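There are 2 protein chains.
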Amino acid sequence: MSNEDQLIPRSKDFNEWYNTLVLKADLADYGPVRGTMIVKPYGWTLWENIQQALDKRFKATGIENAAFPMFIPMSFLEKEAHHIEGFAPELAVVTHGGGKELNEPVAVRPTSETIIGHAYSKWIQSHRDLPVLINLWNSVVRWELHTKLFLRTLEFYWQEGHTAHATEAEAWERTKLMLEVYTDFAVNDAAIPVIPGEKTESEKFAGAQRTLTIEAMMGDGKALQSGTSHYLGQNFAKAFDIKYLDVDNIHQFCHTTSWGLSTRFIGAIIMTHGDDKGLILPPRLAPIQTVIIPISKTEDEKQPVMDAVDAVQKQLSEAGIRVKVDKRDNVTAGFKFNDWELRGVPSRIEIGPRDVKNNSVAIARRDVPGKEGKVIASREGLAERIKSLLGEVQQSLLNKATKFRDENTQQVKNYDEFKSAVEKGFASVWWAGSDADEARIKEETKATIRCIPFNQPDGKGTCFYTGKPADKIAIFARSY
Amino acid sequence: MSNEDQLIPRSKDFNEWYNTLVLKADLADYGPVRGTMIVKPYGWTLWENIQQALDKRFKATGIENAAFPMFIPMSFLEKEAHHIEGFAPELAVVTHGGGKELNEPVAVRPTSETIIGHAYSKWIQSHRDLPVLINLWNSVVRWELHTKLFLRTLEFYWQEGHTAHATEAEAWERTKLMLEVYTDFAVNDAAIPVIPGEKTESEKFAGAQRTLTIEAMMGDGKALQSGTSHYLGQNFAKAFDIKYLDVDNIHQFCHTTSWGLSTRFIGAIIMTHGDDKGLILPPRLAPIQTVIIPISKTEDEKQPVMDAVDAVQKQLSEAGIRVKVDKRDNVTAGFKFNDWELRGVPSRIEIGPRDVKNNSVAIARRDVPGKEGKVIASREGLAERIKSLLGEVQQSLLNKATKFRDENTQQVKNYDEFKSAVEKGFASVWWAGSDADEARIKEETKATIRCIPFNQPDGKGTCFYTGKPADKIAIFARSY
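Order-wise, the sequence lines are chains A and B. Going letter by letter, the first sequence gives residues 0 to 479 in numbering that gives the first Met the number 0. Going letter by letter, the second sequence gives residues 0 to 479 in numbering that gives the first Met the number 0.
Hints may be right or wrong, so weigh each one.
[Claimed, not checked] Not the full set, but computed from the structure, chain A residues with beta-carbon under 7 Å of chain B:
no. : residue
1   : 32
2   : 35
3   : 40
4   : 64
5   : 67
6   : 70
7   : 72
8   : 73
9   : 94
10  : 96
11  : 118
[What the hints assert, rightly or not] Lysine-lysine pairs mimicking DSSO-like chemistry, simulated, CA-CA at most 30 Å apart:
no. : chain 1 : residue 1 : chain 2 : residue 2
12  : A       : 323       : B       : 418
13  : A       : 441       : A       : 467
14  : B       : 356       : B       : 418
15  : A       : 326       : B       : 242
16  : A       : 313       : B       : 175
17  : B       : 58        : B       : 121
18  : A       : 242       : A       : 175
19  : B       : 313       : A       : 323
20  : B       : 323       : B       : 276
21  : B       : 335       : A       : 55
22  : B       : 147       : A       : 121
23  : A       : 335       : B       : 242
24  : B       : 356       : B       : 402
25  : A       : 55        : B       : 313
26  : A       : 386       : B       : 55
27  : A       : 11        : A       : 467
28  : A       : 175       : B       : 326
29  : B       : 55        : A       : 335
30  : A       : 445       : B       : 467
31  : B       : 78        : B       : 99
32  : B       : 326       : A       : 121
33  : A       : 326       : B       : 58
34  : A       : 58        : B       : 412
35  : A       : 175       : B       : 313
36  : B       : 11        : B       : 313
37  : A       : 323       : B       : 326
38  : B       : 356       : B       : 386
39  : A       : 11        : A       : 276
40  : A       : 386       : A       : 370
Worth flagging that the hints you see were computed from the coordinates, not collected in a lab. Bear in mind that the values here come from a model prediction, so they are computed numbers and not experimental data. Note that beta-carbon positions come from the ideal geometry of N, C-alpha and C, so glycine has one too.
Here chain A stands alone, though its shape is the one from the complex:
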């Protein structure tokens, strides 16, 4: 039972609220090896819904799925200098297999660019073999000691896309296209108003020429990098000899991309929409979209209520709504309300004896607490009514998150304003600083450039930090 003790309210301690909520809502648990995570059925169903939402978008752009081995020879990782520099400190290394010490230890993949590069160099011969458009749904390992479920674990689940192209222009288009896919998914399915943009030199992926990102504001004002798309140039093509014969029969190196979104995104959903009472899941991704609670006091009332509940369940699930009936007989209705609110189910249907008589139900929406969010509705046309309610909840979550983000994003003119801005949210600034300036600001304020947003204002300004003329706005924030 998850409600034996109270959830720590979000308003009281955001960090502890998150940690206890993930466990109490049955999303995930800690694995026995330090840093690992078990994703429980409720959390994994949420991830399956995310997977489906992304996968259909990927496939619509021509992507196919494949699977690559988790074991990568250590020598592969060393072939691209920036890549090994970035990943070496986090590797898990298998030294023994089948009872013997291995001649060459193998790493458990931290990401698959290198093993993909090796395969593509074999598979790609001619311009006719291009583009190669492959995605992998898998898990990767980065040895982390400070775990936070979904946000930072030793093993995590994600998709990693890897494409190879004949030209720089085509590879760059693909890099941008996949960030658009992520943005569309985040805004329209997860109701998270992400800011798409480009990473600066110091924040880009180890081995990339350019990294694009979507950045989200969490309920505590910190940023969460929620998906990235990398233009790798010819770095990996040269390291792994990925070449093709062009139409003139001349060997050319390919241009490659990679892009990923992980179970971290579940953290983004929790921290964007959740409230003091628990999760609020966006209806399009919620494992359960509506929960039905039967309410009866006497034995006589029980059967007619259960008949009505079963009929409503059938009506709704035939209409494609993900519905669950809570038939537990060892807890009160009030307990059930709290329990499903904690789990973030976007709508609730209550059916009691009076409803049976009136052919009605009571409907409550998760995002509007108390009486204000409750209506009595007829069972006639209930499926349409619930669908329309789910659409409203979806939209209202996006509106609320957008408002919160905008209210907590400040246009700042100087370093003092900046320091106070990043205490509570994002700082939007004219920026013409150097890598060294960025590093100094990070050290002094813990805030980093989350991205240079694609959406830039007209005109120019003055860099808040250096006072130099600036032609770009940057978003600074503290981040997860």
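Fit chain B to the supplied structure of chain A, relying on the hints for placement.
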């Protein structure tokens, strides 16, 4: 290009045919670490179709998916004596993480009973928490040096289901139910007439009390174990302390099951249905159900043909048929025919200038070679026609495989007949031998008991080997 040299005919060398076909059909490739496998998009799409076919059946029985870490403390594996004995020789061991030697090395999961047992012991407290019905889609590692793609690789993909129950009866029902699910899937989606039955003591899973299996006959007469379901009794419950309070408030150990089906099943599909020309994929699982080949000789013919091709593609895909158009302009139509036959696409549509004039197409079915399998059909009602053809192909593959299995299964009365029977297929025998008899037969003939089939004849017989009275038929065969 996959057809540069000819496929070795199946009739000439079954083993080499298999090995070259898997590569040529673009199903899979070897990974860089010895024993590992890359599943290419065509092979992975086949696996995705298998996953969907199984997953919906699992969910219909109340199963939910989850994810468990790949890393298992070595000490966990040692808790169940038979289990560690079975798996110790095949473990991959991580000794270093994050640049440091680990205090306790961790194994990469060979299967997850132990880490599941640990979690269930935490999650299960009361009879109200039961049953727990969880499935994992993941990969597992067993250190193998002799690779055969899909059949035996160091890392392979599968699903592993793990359930916990209050009573032995319920756990045993679940064990049987999941084997029924596998049987239904194999027969009706993969057109493989598997034999469901029970393993003998010597062939059961390391740690199980009883193991159920589906066994299939490959095109060379050998058996392939295609899916197994284990009743684990209280072995793992006692090793991991999985207990619940029953209605009388008394602690009881749970009864658990596990069951799995892997990418090995792709090997079964290849070796059951394939022929000299390549794969033949059962329509229900085929990544591409029909391929359209445009045929034009002159430039003038090209555009009208392509218009017709595009219209037919639209017509078929709107009807839910998985269709592909082969637009390559650097290979001949004849090359394309061979290429898609090799890849096992169950039906082919050809559209040439005459078809454009007559509003017709030519349809060829993969399982009936030459003119006999070819018809001219109107474009009116083509989607229904193709759907019905796919149904026919599906049924005819099952019929053919059933006939082949039955023709190559001999009822044998003595050891001489037995020896010749297992040279070419299955031996069906009355059996009352001991474990030692079974071991001796294996040594002398390489044949093992694949299963004691559920479907038993009436009456009793005489054991072909010991001459003792026997009340059970056993199926012996050489196996993969």
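Each hint tested on the structure:
This hint holds: residue 32 of chain A has a C-beta 4 Å from the nearest C-beta of chain B, less than the 7 Å allowed. Here the hint on residue 35 of chain A is kept, as its CB sits about 4 Å from the closest CB of chain B, short of 7 Å. The closest approach between the C-beta of residue 40 of chain A and any C-beta of chain B is roughly 4 Å, which is under the 7 Å cut-off, so the hint is satisfied. For residue 64 of chain A, the interface hint holds, since its Cβ comes within 7 Å of a Cβ in chain B; the closest pair sits about 5 Å apart.
The restraint placing residue 67 of chain A at the interface with chain B holds, with a minimum CB-CB distance near 5 Å, inside the 7 Å limit. For residue 70 of chain A, the suggested interface contact is upheld, since its CB lies about 4 Å from the closest CB of chain B, less than 7 Å. Against a cut-off of 7 Å between C-beta atoms, the interface hint on residue 72 of chain A holds, since the closest Cβ of chain B lies about 6 Å away. The closest approach between the C-beta of residue 73 of chain A and any C-beta of chain B is roughly 10 Å, which is over the 7 Å cut-off, so the hint fails.
Because the smallest distance between the Cβ of residue 94 of chain A and any Cβ of chain B comes to about 5 Å, under 7 Å, the interface hint for this residue holds. Taking 7 Å as the C-beta contact cut-off toward chain B, the hint placing residue 96 of chain A at the interface holds, the least distance being around 4 Å. Using the Cβ-Cβ criterion of 7 Å, the hint placing residue 118 of chain A at the interface with chain B is satisfied: the shortest such distance is roughly 6 Å. Between the alpha carbons of residue 323 of chain A and residue 418 of chain B the distance comes to roughly 57 Å, so the proposed pair goes past 30 Å and is violated.
As the CA atoms of residue 441 of chain A and residue 467 of chain A are separated by approximately 19 Å, the hinted pair is consistent with the 30 Å bound. A hinted pair counts as satisfied when its Cα atoms are at most 30 Å apart, and residue 356 of chain B with residue 418 of chain B does not qualify at roughly 61 Å. Between residue 326 of chain A and residue 242 of chain B the CA atoms are separated by roughly 24 Å; this keeps the pair inside 30 Å, and the hint holds. Note on residue 313 of chain A and residue 175 of chain B: the hinted pairing holds, with a Cα-Cα distance of about 29 Å set against a maximum of 30 Å.
The suggested pairing of residue 58 of chain B with residue 121 of chain B holds, with an alpha-carbon distance near 24 Å, which does not exceed 30 Å. Pair hint residue 242 of chain A plus residue 175 of chain A holds up; C-alpha atoms about 23 Å apart against a cutoff of 30 Å. Only pairs whose Cα atoms come within 30 Å are accepted, and residue 313 of chain B paired with residue 323 of chain A is rejected, the gap being roughly 38 Å. Restraint check: the Cα-Cα separation between residue 323 of chain B and residue 276 of chain B comes to about 20 Å, which is no more than 30 Å; the hinted pair holds.
Taken as a hint, the residue 335 of chain B and residue 55 of chain A pair is honoured in the structure, with Cα atoms around 28 Å apart against an allowance of 30 Å. As the CA atoms of residue 147 of chain B and residue 121 of chain A are separated by approximately 20 Å, the hinted pair is consistent with the 30 Å bound. Restraint check for residue 335 of chain A and residue 242 of chain B: the C-alpha separation of about 26 Å stays at or below 30 Å, so the hint holds. A distance of roughly 42 Å separates the Cα atoms of residue 356 of chain B and residue 402 of chain B; the hinted pair therefore is violated under the 30 Å criterion.
Proposed proximity of residue 55 of chain A and residue 313 of chain B is supported: the alpha carbons are some 18 Å apart, at most 30 Å. At most 30 Å may separate the alpha-carbon atoms for a hinted pair to count; residue 386 of chain A and residue 55 of chain B meet this at roughly 24 Å. Of the pairs offered as hints, the one joining residue 11 of chain A and residue 467 of chain A is violated, with about 41 Å between alpha carbons and a cut-off of 30 Å exceeded. Restraint check for residue 175 of chain A and residue 326 of chain B: the C-alpha separation of about 27 Å stays at or below 30 Å, so the hint holds.
Note on residue 55 of chain B and residue 335 of chain A: the hinted pairing holds, with a Cα-Cα distance of about 28 Å set against a maximum of 30 Å. Using a Cα cut-off of 30 Å, the hinted pair residue 445 of chain A and residue 467 of chain B is violated, with the two alpha carbons roughly 81 Å apart. For the hint pairing residue 78 of chain B with residue 99 of chain B, the CA-to-CA distance comes to about 27 Å; that is within 30 Å, so the pair holds. Only pairs whose Cα atoms come within 30 Å are accepted, and residue 326 of chain B paired with residue 121 of chain A is accepted, the gap being roughly 24 Å.
Of the pairs offered as hints, the one joining residue 326 of chain A and residue 58 of chain B holds, with about 19 Å between alpha carbons and a cut-off of 30 Å not exceeded. Taking the CA atoms of residue 58 of chain A and residue 412 of chain B, the gap is about 56 Å. The hint is violated against a cut of 30 Å. This hinted pair checks out: residue 175 of chain A and residue 313 of chain B have alpha carbons roughly 29 Å apart, not beyond 30 Å. Between the alpha carbons of residue 11 of chain B and residue 313 of chain B the distance comes to roughly 41 Å, so the proposed pair goes past 30 Å and is violated.
For the given pair, residue 323 of chain A sits about 48 Å from residue 326 of chain B by alpha-carbon distance, which is inconsistent with the 30 Å threshold. Straight-line distance between C-alpha atoms of residue 356 of chain B and residue 386 of chain B comes to about 24 Å, which keeps the hinted pair within the 30 Å bound. A threshold of 30 Å between alpha carbons decides the hint, and for residue 11 of chain A with residue 276 of chain A the separation of about 12 Å falls inside it, so the pair holds. In summary, the hint linking residue 386 of chain A to residue 370 of chain A is supported, as the alpha carbons are separated by about 20 Å, within the 30 Å threshold.
Violated hints, listed in ascending order, are 8, 12, 14, 19, 24, 27, 30, 34, 36 and 37; each of the other numbered hints is respected by the structure.
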